[in-house]
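Protein chains in written order, with the UniProt record's numbering: chain A, 1 to 325; chain B, 1 to 325; chain C, 1 to 325; chain D, 1 to 325.
Hint data in this document are derived by calculation from the structure and do not stem from the laboratory.
Keep in mind that a hint or two might mislead.
One copy or two, it doesn't matter: identical chains are merged, so the pair holds either way.
Stated by the list, open to error - Below, computed lysine to aspartate or glutamate pairings styled on EDC-like, alpha-carbon distance capped at 20 Å:
id: 1; residue 1: Lys311; residue 2: Glu118
id: 2; residue 1: Lys56; residue 2: Glu316
id: 3; residue 1: Lys311; residue 2: Glu229
id: 4; residue 1: Lys57; residue 2: Glu165
id: 5; residue 1: Lys57; residue 2: Asp319
id: 6; residue 1: Lys86; residue 2: Glu316
id: 7; residue 1: Lys299; residue 2: Asp138
id: 8; residue 1: Lys311; residue 2: Asp51
id: 9; residue 1: Lys56; residue 2: Glu197
id: 10; residue 1: Lys322; residue 2: Glu36
id: 11; residue 1: Lys33; residue 2: Glu316
id: 12; residue 1: Lys86; residue 2: Glu165
id: 13; residue 1: Lys6; residue 2: Asp319
id: 14; residue 1: Lys33; residue 2: Asp319
id: 15; residue 1: Lys87; residue 2: Asp319
id: 16; residue 1: Lys309; residue 2: Glu36
There are 4 protein chains.
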Amino acid sequence: MNTIKKIGVLTSGGDSPGMNAAIRSVTRAALYKGLEVTGIRYGYQGAIEADFVEMKKLTVSNMIQRGGTILKSARSAEFRTPEGRKKAAENLRSQGIEALVAIGGDGTFQGGTILQQEHGFPVIGIPGTIDNDLSGTDETIGYDTALNTALDAIDKIRDTADAHERMFLVEVMGRDAGFLALETGIACGAELTLLPETLVHIKEVKETLRNILTNKKRSTLVVVAEGDESGGAMELYSNLKEDFSDIDTRVCVLGHIQRGGNPTARDRVLASRLGVAAVNALLDGHVSVMVGVVNNNIKLTPLKSGWSKKKSIQTELLDLTKILK
Amino acid sequence: MNTIKKIGVLTSGGDSPGMNAAIRSVTRAALYKGLEVTGIRYGYQGAIEADFVEMKKLTVSNMIQRGGTILKSARSAEFRTPEGRKKAAENLRSQGIEALVAIGGDGTFQGGTILQQEHGFPVIGIPGTIDNDLSGTDETIGYDTALNTALDAIDKIRDTADAHERMFLVEVMGRDAGFLALETGIACGAELTLLPETLVHIKEVKETLRNILTNKKRSTLVVVAEGDESGGAMELYSNLKEDFSDIDTRVCVLGHIQRGGNPTARDRVLASRLGVAAVNALLDGHVSVMVGVVNNNIKLTPLKSGWSKKKSIQTELLDLTKILK
Amino acid sequence: MNTIKKIGVLTSGGDSPGMNAAIRSVTRAALYKGLEVTGIRYGYQGAIEADFVEMKKLTVSNMIQRGGTILKSARSAEFRTPEGRKKAAENLRSQGIEALVAIGGDGTFQGGTILQQEHGFPVIGIPGTIDNDLSGTDETIGYDTALNTALDAIDKIRDTADAHERMFLVEVMGRDAGFLALETGIACGAELTLLPETLVHIKEVKETLRNILTNKKRSTLVVVAEGDESGGAMELYSNLKEDFSDIDTRVCVLGHIQRGGNPTARDRVLASRLGVAAVNALLDGHVSVMVGVVNNNIKLTPLKSGWSKKKSIQTELLDLTKILK
Amino acid sequence: MNTIKKIGVLTSGGDSPGMNAAIRSVTRAALYKGLEVTGIRYGYQGAIEADFVEMKKLTVSNMIQRGGTILKSARSAEFRTPEGRKKAAENLRSQGIEALVAIGGDGTFQGGTILQQEHGFPVIGIPGTIDNDLSGTDETIGYDTALNTALDAIDKIRDTADAHERMFLVEVMGRDAGFLALETGIACGAELTLLPETLVHIKEVKETLRNILTNKKRSTLVVVAEGDESGGAMELYSNLKEDFSDIDTRVCVLGHIQRGGNPTARDRVLASRLGVAAVNALLDGHVSVMVGVVNNNIKLTPLKSGWSKKKSIQTELLDLTKILK
């Protein structure tokens with residue numbers, strides 16, 4: 001029988017829209033189950049510095065719709081040292097916190113895994129990152145919002161591209177993973193989409209673009225993931241400009257707008273589900289798992305595998321970019 | 001071996017955001033496979049009246065992002081008669097159209113099923129409806145957009161509800177199905193959500209609301225599905241106003257804004273996948289199936305089952321409305 | 001020379017987007033000028049109940065973009081009595097508050113006018129209402145946001161109206177003033193716009209609609225102000241349905257979504273200007289004025305005239321609805 | 001008495017949201033007055049190449065809400081030569097076009113001025129540019145939309161800036177004019193706003209930022225106009241990074257999203273007013289004027305002064321950036 005009485009909740013690493021919805025869900029689910037909840041500000045750094053705040057039902061009112069995170073986020077160098085983690089564990093325990101729900105990406109889960117191993121402190125991970133690159137869940141919190149933000153921006157760019165019959169190279173976030181670029185590319189009707197997961201030689205890029213331009217489409221959109229081997233939109237532009245000097249070409253790096261904004265319905269529902277699932281996992285005695293949604297059902301995965309395994313791109317979606325362009 | 005050379009595509013019944021993305025996908029996938037494509041305007045009625053338009057690659061340019069349907073939609077009384085269907089089949093054949101892709105909801109698939117049975121005309125259904133009430137697919141085209149539209153409206157209502165500490169009864173679409181109401185309710189943080197799928201006696205509604213109001217939350221949102229047994233937001237208001245005369249209560253019926261608007265990323269990707277899948281299904285020799293996405297993979301279901309079986313609400317989501325309120 | 005040291009700020013009456021931006025501007029401008037600022041919650045009622053909150057620079061951080069009002073709003077019956085106002089004045093004075101900035105509409109200004117007359121308490125009004133019906137300013141805070149919210153909703157309705165070639169009767173807010181309906185009608189390309197300020201006999205409405213429908217436009221949008229003599233969209237529908245039984249007609253009452261949402265750039269800039277202007281007016285010794293922007297310059301008007309004079313609709317805009325339909 | 005029977009309409013130079021609304025208004029107003037209307041595609045280049053399209057009432061249906069321009073835009077080198085302009089004038093006349101309405105910015109008006117001078121061809125200018133830098137009108141078509149697009153992007157950036165307590169340098173468009181940067185800066189609550197119109201030495205920038213950061217605000221936003229003497233956001237970053245190595249600083253160049261998107265209500269109403277005014281000006285016998293709205297009334301200015309005079313920034317708004325930061 002589990003006898004946890006108080007849990008801590010934190011957000012860590014790069015923020016993503018829907019983190020507030022997850023904080024709310026963890027808080028309300030825990031209170032519903034009779035637990036107390038403490039918010040830890042600034043991620044693991046806040047545990048080290050004992051920056052705590054009590055979470056009540058109304059603390060999380062009227063924030064399900066807000067981007068960012070009311071608990072703030074940070075990357076903590078100190079927590080990467082054994083001394084830092086020891087201090088964190090001591091502070092948490094002296095506050096009466098017996099388990100942790102950590103919302104974030106692979107760095108967050110790595111930290112949580114080690115904290116659990118070294119100090120026996122139960123840690124449940126909730127996947128929150130716009131990159132959608134965590135295995136163990138079909139989607140991560142923030143991904144759907146980032147996708148729609150990128151799409152909305154590109155819809156606007158298409159307007160002006162179309163008015164001038166220009167070519168645009170648009171860079172979306174994704175250092176190691178191309179999910180965001182791939183789905184953005186399909187959804188905006190991009191003529192070409194370049195991802196880290198697929199190798200496309202610059203010669204092939206040029207041939208494809210020349211073919212499209214010859215077919216007299218009114219405008220051309222190329223979506224490039226930040227981490228594509230082309231080097232991103234700016235470098236791609238440098239490599240194209242000589243051969244495509246006949247085409248009015250522009251570059252747009254969407255950047256940090258993709259991390260903010262009110263979360264979409266999907267991200268809020270996902271965050272709500274995962275928050276409840278995280279509390280349930282703790283009460284069920286789990287000590288080092290990530291909660292996810294796989295095939296529309298809650299699934300628990302060892303916390304370790306969330307960051308150690310790579311999720312793959314669906315071939316079906318890759319094919320779409322070629323068939324529909 | 002399949003020898004189809006020309007296919008027809010139509011949208012029918014209530015329109016939903018993403019139908020244009022589906023038309024585009026069917027068209028481009030068919031052209032990619034070497035088929036010709038004819039658009040049929042105004043649904044089945046257009047087949048009866050031979051209202052045809054040739055679909056080329058550029059016909060579907062720059063419309064993936066638009067709401068509504070460029071092929072128009074209509075409900076056809078004539079198509080419900082054997083004579084109407086005969087005329088439709090003859091017109092399609094005399095135009096050289098050998099198979100049909102029909103985008104719509106259960107009425108559309110019912111029509112397609114009978115057309116196939118009576119005239120041996122292959123019909124592939126693509127699920128497009130904001131109600132998400134078709135079995136054989138986890139989501140229907142337009143559902144995600146309608147959800148976000150409803151949510152965006154309720155976020156605005158929350159602002160004013162909160163400023164005045166009012167109670168709002170908000171009605172969302174859904175005559176027979178509560179999917180939209182349920183996920184909207186979770187995502188907006190509604191204090192109470194009422195669906196056709198669950199029976200909640202008015203006495204219970206009143207107790208729940210009185211409890212919430214006693215706990216001094218700053219505002220109260222009730223989301224009601226159009227088809228809930230309470231009779232919708234207006235009738236609910238009539239039944240509450242006497243007992244809640246101490247609370248400033250307002251009604252908002254969101255209505256047809258939920259059917260329009262630019263489709264979300266999710267709806268565009270879904271429509272793109274299903275359009276390609278529909279063309280593949282035809283080429284594989286299927287004559288009466290609906291294409292869907294189940295557990296993130298393309299799945300074919302007999303066209304008949306899309307409208308004859310009822311999809312059920314997930315218990316896990318129902319529980320969320322109680323835990324997180 | 002003015003020796004005010006502390007001012008109060010409140011929002012009252014119907015809320016409107018941009019009120020938070022105005023609160024922020026009043027607060028920061030006052031602090032900039034060396035004054036102290038007290039927030040009064042729930043409008044005049046909060047003065048009666050001494051519901052005060054100290055306003056610091058960071059109290060108003062990160063809220064310029066939020067709808068609603070952090071100071072809450074309410075209508076106060078008690079403040080309409082001499083006793084209520086006496087109590088309010090005493091509470092304000094005992095708190096050290098020497099002057100008031102009241103953000104709201106005509107009811108707010110009426111209250112402020114009487115408070116000033118009875119108790120010599122300086123009151124500066126800032127016009128915040130979505131109706132734009134206050135003379136002494138070209139625009140009121142919240143009007144531009146409400147306009148864009150209504151427009152965004154109608155753009156969605158146009159999608160579905162167009163897909164089905166339907167007629168929609170859309171009701172926008174405006175009990176006594178048609179500004180919102182008029183500009184919404186122009187901006188959405190409505191076929192007919194009905195306002196309280198113009199008398200259009202139902203016979204004329206019918207003739208106009210019949211003409212439009214005969215000209216085979218793809219869809220028909222009628223924008224009706226809540227306070228139009230037709231009785232609003234629902235009653236108009238009742239009066240049209242017999243003669244237009246050949247047309248698929250739907251009604252949409254936009255309702256309270258028009259009061260919420262993040263304020264537009266224009267509303268935030270207007271609120272920022274008027275907040276600073278209000279503090280300046282107090283320091284210049286004014287005791288009963290409304291600040292407004294007329295011809296793009298700050299203008300002071302006696303507080304009384306904001307609510308006692310009616311602003312008129314521009315004939316040029318009325319003509320547009322006929323020329324461009 | 002004016003005897004014009006047919007007019008031409010074109011969009012030229014950088015596109016801006018609302019150009020379609022202006023095309024619609026010119027077309028419908030001209031038809032209403034009994035004139036015929038020809039659309040000229042790709043700006044002046046289309047006149048040289050006789051790329052004409054007949055404009056009917058329904059040609060401009062359902063596009064008031066779309067960004068971009070259905071008539072396309074281009075910059076024409078050939079039109080800058082006397083031969084080019086001669087060819088254009090001949091083509092227009094041989095098509096029966098007797099006068100031109102040119103929608104665009106200063107380049108467009110310069111071209112129109114010379115065409116009128118050399119060939120006696122009446123040209124009425126409609127100001128369409130996101131820069132708002134044309135004298136003779138308080139606002140240009142597209143400015144309000146660009147402002148709201150920039151603001152919406154920065155609101156998202158504020159979410160993530162706030163979560164991480166970072167500093168962001170955000171660049172908005174405006175090579176020579178700082179209107180967009182100034183109003184964006186006020187509306188997003190920027191801590192510092194840098195414009196081409198004001199000289200701020202880098203030393204002063206550093207002092208201001210250091211002051212802000214010392215006051216422990218949660219995040220810092222600097223809005224920089226593209227054409228500011230700091231060299232834009234990237235160069236500013238280079239100049240700050242050494243002194244502010246203690247602050248996590250990010251750069252975001254908003255870029256071309258500011259040119260697209262559905263026009264706001266304000267831009268659609270402005271475009272509707274100016275389109276009608278342009279047709280009226282032609283019928284009143286004007287041959288070289290720009291139509292504008294000044295102090296909320298239609299005003300005609302010599303076409304020449306639209307591009308030869310510089311519009312100034314309002315001191316009142318500049319002061320706001322300091323008082324409210």
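Evaluated hints:
Within a single copy, Lys311 and Glu118 get their C-alpha atoms no closer than 28 Å, and across copies no closer than 47 Å, so neither meets the 20 Å cut-off. Proximity of Lys56 and Glu316 under a CA criterion of 20 Å is satisfied in neither setting, with 45 Å inside one chain copy and 24 Å between copies. Only within a single protomer do Lys311 and Glu229 lie at most 20 Å apart by alpha-carbon distance; the minimum there is 19 Å, versus 44 Å between protomers. For the homomeric pair Lys57 and Glu165, the shortest alpha-carbon distance between copies (17 Å) is at most 20 Å, but the shortest distance inside one copy (53 Å) is not.
For the homomeric pair Lys57 and Asp319, the shortest alpha-carbon distance between copies (18 Å) is at most 20 Å, but the shortest distance inside one copy (47 Å) is not. For the homomeric pair Lys86 and Glu316, neither the shortest alpha-carbon distance inside one copy (47 Å) nor that between copies (37 Å) is at most 20 Å. In the homo-oligomer, the alpha carbons of Lys299 and Asp138 lie at most 20 Å apart both inside one protomer (10 Å) and across protomers (18 Å), since each shortest distance falls under that limit. Within a single copy, Lys311 and Asp51 get their C-alpha atoms no closer than 34 Å, and across copies no closer than 47 Å, so neither meets the 20 Å cut-off.
For a Cα distance limit of 20 Å, the shortest separation of Lys56 from Glu197 qualifies neither inside one copy, at 44 Å, nor across copies, at 32 Å. In this assembly of identical chains, Lys322 and Glu36 lie within 20 Å of each other by CA distance solely across copies; the values are 19 Å between and 52 Å within a copy. Within a single copy, Lys33 and Glu316 get their C-alpha atoms only as close as 42 Å, which misses the 20 Å cut-off; across copies the closest is 16 Å, which meets it. In this assembly of identical chains, the alpha carbons of Lys86 and Glu165 never lie at most 20 Å apart, being 60 Å within a copy and 26 Å across copies at closest.
For the identical chains of this complex, Lys6 and Asp319 are neighbours neither inside a copy (49 Å) nor across copies (23 Å), given an alpha-carbon limit of 20 Å. In this homomeric assembly, Lys33 and Asp319 come within 20 Å of each other (Cα to Cα) only across copies, at 13 Å, whereas the closest approach inside a single copy is 46 Å. Neither within a single protomer nor between protomers do Lys87 and Asp319 lie at most 20 Å apart by alpha-carbon distance, with minima of 50 Å and 38 Å respectively. Taking the closest pair of Cα atoms, Lys309 and Glu36 never come within 20 Å of each other, the shortest separation being 33 Å inside a single copy and 44 Å across copies.
When the structure is compared with the earlier hints, violations turn up for hints 1, 2, 6, 8, 9, 12, 13, 15 and 16 and for no others.
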